[in-house]
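Go ahead and model the full structure; you've got the sequences and the hints to work with.
Each protein sequence line maps, in turn, to chains U and G. First residue of the first sequence? That's 1 in our numbering, and the numbers climb one at a time after it. First residue of the second sequence? That's 623 in our numbering, and the numbers climb one at a time after it.
Hints listed in this document are in silico derivations from the structure and should not be mistaken for laboratory results.
The calculated lysine-lysine pairs, modelled on BS3-like cross-linking and capped at a C-alpha distance of 25 Å, are:
(1) K374/U with K204/U
(2) K81/U with K907/G
(3) K613/U with K757/G
(4) K561/U with K548/U
(5) K548/U with K563/U
(6) K131/U with K145/U
(7) K980/G with K878/G
(8) K755/G with K615/U
(9) K755/G with K499/U
(10) K81/U with K905/G
(11) K918/G with K81/U
(12) K755/G with K613/U
(13) K882/G with K52/U
(14) K907/G with K52/U
(15) K755/G with K599/U
(16) K615/U with K757/G
(17) K52/U with K850/G
(18) K905/G with K52/U
(19) K219/U with K280/U
(20) K757/G with K898/G
(21) K918/G with K52/U
(22) K324/U with K343/U
(23) K81/U with K882/G
(24) K33/U with K918/G
(25) K245/U with K316/U
(26) K270/U with K349/U
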Amino acid sequence: MKVLLINPPGWQKGSTNLGLCYLASSLIAKGHKALILDVNATNASPEYIAEKAREYAPDIIGFSLKTSTANAAFLLSRAIKNRYPNAVHVAGGAHITLAYGESLIQNPDIEYCFLGEAERSFIEFVEKKEKGLPVEDIPGIAFRKGAEVVTTKREYIEELDAIPFPSMDAIEGFSFKDFRYPMITSRGCPYPCTYCCVGVVSSKKWRARSPENILDELKRAKEKYGITAFEILDDNFTLRVERAKEFCRLLIASNLNLSWYCHNGIRADKLDMELARLMKEAGCTSVALGVESGDPAIFDSIKKGEPLEAIVNAVKCIKAAGMKAVGYFIIGLPGDSLDGIKKTIEFQKSLGLDHYTYGVLNPYPYTEVYDIVKREGRMLMDIKESSHFSTDLTIPFEMPGFSRKDMEKAFYLAKFQQLYQAIDFYEKKHGKKPSRILYFDFSPGSRFTENLSKLIDNYELDVFCFQTRSDDYFKNKTKWKLTNLHVYVDTPYISGRIKSFLGFFNAFRKRDYSMVFFNIGTPQMLLPPFLAVVRPRVFYLEAEDGAKLMTMKDPEIVALKRKKLRELFFMLPKLSISALAYPFMRLSVIGFGAFLHFKRDGKRVEFTREGPKLKDMKKDKE
Amino acid sequence: MKVLHLCDHYRPIGGAEKLLFDTLDALERNGVENVVATHDYLENKATGDRKEYIVHDLDLHPFSWNYLDYFIRSARAGKALRKVIEAERPDCIHIHNLQNPFSISEAIKAAPTVRAIHDPRLYCFNNWRILRKTKEICPYPLGYKCVTEGCLWPDLLAFTTDGRCAIPRYASYLMHRRVEKLIVESEAMRACVLQNGYSETQIAFLPNFTKTFAFDEVMRRIDELDRKEENSILFVGRASFEKGVDYLLEAATHIKIPFKLYLVTGGPETAAIHGKIERLGLKGKVEVPGVQSYAKTRDYYAMADVVVVPSVWIESFCLVGIEAMANAKPVVAFRTGGIPDWLEDGKTGYLAECRNVKELAEKIELVLKDKEAAKVMGIMGYRRVQENYTMEVYLPRLLRIYESAMEARKKL
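See the structure below:
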């Protein structure tokens, strides 16, 4: 049979839907045809996908749903049904496992839902459909029967080694360039964390693949796709520490020379120094931890089943082993507040992480926090409309002690913590708050910065965002204001750019800022000219390890200035030859213009309906 | 015969480059040995299908104020090209899109030279023959009007690229008087070339060609892919001012029947196009699939009810038009440049007055309303391409041009 599998848009860009690749390989192993359309990567329109589906003419179309991709999947299903009504539409994935009833009732196009792992149930379904047999007795499915939704008993796959390796080839147009091979070495998680849905989706029973089987997959991936890096996406990679160590030892012995990451987060209490060292030796470069909250009361209330000290120890182990430590934090956990987030930020600073990410809680259906939010708080949107890994900030709910506005504030407080830190430094040093701040943002597309000035109280804040963009925005430059600046400079000519920059710098100079803050993306080469023109009294330079306070009299800055002057001095001989030639060249160009001006002859071409005609311009004049 | 082809871009980015690759293939199939020398843009990669040289700075322009650097680098590029020519000893040199006078003078010195003119850059300081002040099509030859009409003079003061390029461009313009043959693609182009002081004997008239397909195959694809319930309008081309997407979007607001507009496009104005679609309230009616391969573009041709060519500059030929006709589709276009050469008004499509968006909308509606007539127009277009714009017609004429260039050089 021909099966089309679709990964709908709305998830992290650059990620691979491994679940669909597993399904495709299982289908191919049984002699069926499978094609995966990764709409999340291509962002193709529903009409285009419908057309593709019609071209491919599958018997079954399967959608993989996460909560934030569910609506897009239903739209795709509708569009395909309109253009190509012959296929059976089925759905699976985390969202379907959590909310199959609602999904089936609201979307008549979807006929069957697969709950949890579908490598067996889906194959059985396809084979029964091929033979025309009834499918209602297949374990782990849900379907409509009259007005009701019926489910069958779910079974989990115990022997994970028996599942064929995932097939990335089945994804249409898949790019293996800079490809980080995704791996799942175990499934399930026994911990009852209140915000997490893994226990429901992949079961509370933890099942693991043998280290040998994992290594076989890596060898095959290296041969077949030429991978240089892989990423472990397990829900709980190190639950059995000995198994993780065994895997690392085998990987070291295999000499595969692959670098790898654990960016899905591991448990802090399941990491010891020996494992950290082995991981490093096996090629692991970075490990992420789900810290969630730095407020001990909240941390304990989310039922992670580990103390906050475990996080501190784990970060120490990771850093001591020479890997990068990454932390993930959640804003809006039950009991959380603006003050709680401030505590979390303090805790995060004390950890000395190499990278950290804050996200607003998405209360997924049928998790404990979902019930708490429903009971005590208020949903602000349908959870399916909330975004995950988006550049826009969406806050899907609010709680009595943590309003939407506060959550937004908390998010910006965490995201721009170095700016706040700089303001504190200033206050401590000068005994007063800075009256007027300029924030420099050179990172393209940072939409969050747009809202920054609205969120900082008591200060006058100008935000200078610089981007080059070719659209009408540039034409409306009369609308630019000095506060909350968003500057899109679009001119191909360097002279034009310098002119507009100097214009802005001079404007900044007049505004007399008490503090200037350069965000981390500021190009180093722009710093000296800026400092030379604006001459701010105090400025802060954002770095990985915090904002660095600087003044024009700092030895570092004085040295930088001297270095630049020295460079300029030694560059002068080179420049001078060109510079000397330049006025003559310009004069010759102007002379050339004059020459053309006085050389009057030629014919004018006139395009008529009968064709082009040439006319003497001298006669025209007469 | 051995022919050395000089070009700036050596990858399929537009009509001129597609024609270059089609020409190379056609020549090779007929026993001509091709050698290609191209500028060292990062994107220019050797294909391995023929002998290829990537020459550093082959098509350099004085983009920065540092003229000295420009002269030194251009001279080096000329020298490198001379070495290539000495090593290859071609019978004829075919210059495609190249402006650097240093490279061109080396080519002219070494062998009989043929120059294909795909755009007015040879005799216009701002590339597109559109007057800077009024945005009208420029009717004047290169000369004092470039100064009085403000195309050149502000540049001399504003220190811009066009201003800096003026002298090298003028040098290249004068140098081309010594080129044996100038290939023009349309009557409009011929008039422009004559107007700029090149001699009648230099001019060789050679319209473009496109790959054609069996009639049954074309009709079968249309049957399969045509969206019967939808009035689909198609635009294929670069997203830039001169290709007139702006005008097409404005025309779309005047169309009174339901329609869907597909823009197979990409380029400097892409972001502006998206902005304009939103501003004009055309969201949902316009889809932008982006740049597509020719194979994929053929699907769009098959699907479309009408192909629109809203160019607002002196189109030298416009390959998209004959591609659409080769796929049996009617074309609606502005009457400009070489378009009237291949588009017979009322037979293979409709012509609207240049920049008259209301007329363009009316003509598009005319096609969409009567699909049977549109089908007949498509078939007439298909026949016209089969008779005039195929490789079988193009190639012998190109070979004849090479031969006459060689004869002209011998006489000298």
